[in-house]
Amino acid sequence: MPPVALRHKDVLVIMIDQFILYALLAGLGIAITAGPLGCVVVWRRMAYFGDTLAHAALLGVVLSLALQWLPVIGVVITGLLLTVVLFWLERKQELSTDTLLGILSHSALAIGMIAIVLLQSKLPSLDVMALLFGDILAVTGQELVVLYIGVVLVLLVYARIWRDLVSLSSNEDLARIDGVNVSATRFVFMVLLAVVIAFAIKLVGVLLITAMLIIPAASARLFSHSPQQMILLSVVIAVLAVLGGLAMSLRWDLPTGPAIVLAAAILFAASRSIKSSPA
Amino acid sequence: MTVKAGTMMSDAILSADQLVFSRKGHRILDKVSVQIRASEITTLIGPNGAGKTSLVRILLGLDEPDAGSIHRLDDLRIAYVPQKVSVPQELPMRVRDLLLLSREVEYAQISEVLKELAVAHLEMKAVQQLSGGELQRVLLARALLKQPQLLVLDEPAQGLDVMGQQALYRTIAGIREQHGCAVLMVSHDLHLVMAQTDNVICLNSHVCCTGHPDDVSEHPEYIKLFGSAIDGLAVYSHHHDHEHDMHGNIIESDAAGCTSTQGCTGHHD
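Chains as they are written, first to last, in this note's numbering: chain A, 16 to 294; chain B, 1205 to 1473.
Bound conformation, chain A alone (with noise of 0.2 angstroms):
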């Protein structure tokens, strides 16, 4: 009967736009982090870092899937003990930051790799595909509400510390003798980052994370002329990367967290040219 199929039919589109509504919720949870903390990443180069931090990022999921803890929490602990590592090692002063980040970065992702493979008889959700890739689609309810007191959470800090990290980032030495307690800064930073990398891993996976941090800050640079401009800027970026690349993964049936990176590398090629062209 007419009827009751309409209603069939009304349920599908409601359980459609459900799943779409909350990866689009998640994606812009993720975008309006991402833009700001990139910024700094960038000004402080620190992209090498980031991919670092993501990869013991698996590690810190694998461990908190296996602890039953939140996924953050894991990540953060990680995250500060790779910090650690690097910052001991870097007093040793025989080895570059480059060369040492190499090591740590590669280290970390193979013990990650490892632990999967020896935790994955007893934790059947575990999905490395997922880890590596992302799988913003299969975000639930509850995830989504972590996330965005997260979200709120990492804004509150950043937007307390902001002022502190240009400081820093234009010249270590000034911002010190202006009262910047500079190690705190960077620590706070590394936490807000850790974090953010720890919500990322759901949407792009940890191959793609620096990415959704670097591209859209380093696409609002060309067209910024202070600090905060670039930061408000690369909100707007990132966001539109995460629209973008959730409507071609849709349209296209494509994988939802490369199709935002892709997006991403679009507008940065689009901003590229526009720039490059003469106005």
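Calculated directly from the structure, the hints in this document are not laboratory data.
Ideal placement from N, C-alpha and C gives every residue a C-beta, glycine not left out.
Each hint should be verified, as a subset may be incorrect.
[As the list claims (entries may be wrong)] Output of the computed footprint for chain B on chain A, the stretches with three or more beta carbons under 8 angstroms from beta carbons of chain B:
#1 172–182
#2 231–241
[Said to hold, decoys possible] Calculated lysine to any residue pairs in the SDA-like style (CA-CA distance at most 25 angstroms, straight line):
#3 B:K1288 with B:D1267
#4 B:K1288 with A:D193
#5 B:K1288 with A:R178
#6 B:K1329 with A:I289
#7 B:K1288 with A:S241
#8 A:K107 with A:F202
#9 B:K1350 with B:E1338
#10 B:K1288 with A:Q108
#11 A:K290 with B:P1292
#12 B:K1288 with A:V197
#13 A:K290 with B:Q1293
#14 B:K1350 with B:E1381
#15 B:K1288 with A:S198
#16 B:K1428 with B:D1418
#17 A:K107 with B:V1224
[What the hints assert, rightly or not] Computed beta-carbon distance windows for the label pairs:
#18 A:L258 with B:Q1332: 27 to 37 angstroms
#19 B:S1237 with A:K290: 48 to 58 angstroms
#20 A:G156 with B:E1268: 47 to 57 angstroms
#21 A:W84 with B:D1270: 38 to 48 angstroms
Once you have looked at the hints, place chain B on chain A.
Using the frame of chain A, we list chain B on its own:
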């Protein structure tokens, strides 16, 4: 290190006592004691590698000495213009944004201080596009926004031509007149700063001599380091080389790591 604040003998706003500082087994500062007095211009001179920048960084609290103490006036407001400042290209920043980073500053104050230093036209220009002299003035403006009691400048004239240097030193003297702050300036050229300086400290790992510029320029240690004023440019090719017996007292009271006379001579080369 002990940092004491408060009561101070004489009118020193900042003083260091017996500072020792080593890096990578190299003694950079050896029992250095200095005093900075209120509203005086003090110039720190010495050859390259004499430890001038290290001393300044320790006085500012950016580095910790291995031994010795620093005494600062309570809540001493210090502003600092480092030797080399480069803002990364990745960070979009106009002169105005750089100056806004100092807390509780209003646009009007920024325009005013930029005007005072004759660089008002640079307010909306990107920091990375400034010339050396322009950046130096902008950094001076940034320092003045703190209303400092002590202004510390590390080789402010570096990279400027002679005209530019003289203009800059006049500006610095003018700042002292206007704002009444003490100035500590690092330089390796006494002749240009002489007229604007109240007190000279000649440093070569240890304090060689200190006093009024006229007295210092006639001091045998100074002449040994820099040659006499008449030598002019020979100043820069002249390397310091200690005779063993001249600093016997410094050598024998040294800590481990500099036990032999030979070792000490090596350090000064």
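Hints, one by one, checked against the model:
Evaluation of the coverage hint for the segment 172–182 of chain A: fulfilled, as 3 residues show C-beta separations to chain B shorter than 8 angstroms, against a requirement of three. Interface restraint, the segment 231–241 of chain A with chain B: holds (4 residues with C-beta to C-beta distance below 8 angstroms; minimum three). Simply put, K1288 (chain B) and D1267 (chain B) have alpha-carbon atoms about 17 angstroms apart, close enough for the 25 angstroms limit, and the pair holds. Note on K1288 (chain B) and D193 (chain A): the hinted pairing holds, with a Cα-Cα distance of about 17 angstroms set against a maximum of 25 angstroms.
Proposed proximity of K1288 (chain B) and R178 (chain A) is supported: the alpha carbons are some 22 angstroms apart, at most 25 angstroms. Pair hint K1329 (chain B) plus I289 (chain A) holds up; C-alpha atoms about 22 angstroms apart against a cutoff of 25 angstroms. With a C-alpha separation of about 22 angstroms, the suggested pairing of K1288 (chain B) with S241 (chain A) holds against the 25 angstroms cut-off. Our distance criterion of 25 angstroms between C-alpha atoms is met by K107 (chain A) and F202 (chain A), whose separation comes to about 20 angstroms.
Note on K1350 (chain B) and E1338 (chain B): the hinted pairing holds, with a Cα-Cα distance of about 19 angstroms set against a maximum of 25 angstroms. Pair hint K1288 (chain B) plus Q108 (chain A) holds up; C-alpha atoms about 23 angstroms apart against a cutoff of 25 angstroms. Between the alpha carbons of K290 (chain A) and P1292 (chain B) the distance comes to roughly 20 angstroms, so the proposed pair stays at or under 25 angstroms and holds. Restraint check: the Cα-Cα separation between K1288 (chain B) and V197 (chain A) comes to about 19 angstroms, which is no more than 25 angstroms; the hinted pair holds.
The suggested pairing of K290 (chain A) with Q1293 (chain B) holds, with an alpha-carbon distance near 16 angstroms, which does not exceed 25 angstroms. With a C-alpha separation of about 16 angstroms, the suggested pair K1350 (chain B) and E1381 (chain B) falls inside the 25 angstroms cut-off, and the hint holds. With a C-alpha separation of about 22 angstroms, the suggested pair K1288 (chain B) and S198 (chain A) falls inside the 25 angstroms cut-off, and the hint holds. Our distance criterion of 25 angstroms between C-alpha atoms is met by K1428 (chain B) and D1418 (chain B), whose separation comes to about 16 angstroms.
Straight-line distance between C-alpha atoms of K107 (chain A) and V1224 (chain B) comes to about 23 angstroms, which keeps the hinted pair within the 25 angstroms bound. Here the CB-CB span from L258 (chain A) to Q1332 (chain B) is close to 33 angstroms, well matched to the stated 27 to 37 angstroms. Here the CB-CB span from S1237 (chain B) to K290 (chain A) is close to 56 angstroms, well matched to the stated 48 to 58 angstroms. As the Cβ distance of G156 (chain A) to E1268 (chain B) is approximately 53 angstroms, the hint placing it in 47 to 57 angstroms holds.
At about 44 angstroms, the CB distance of W84 (chain A) to D1270 (chain B) agrees with the hint of 38 to 48 angstroms.
The structure shown violates none of the earlier numbered hints.
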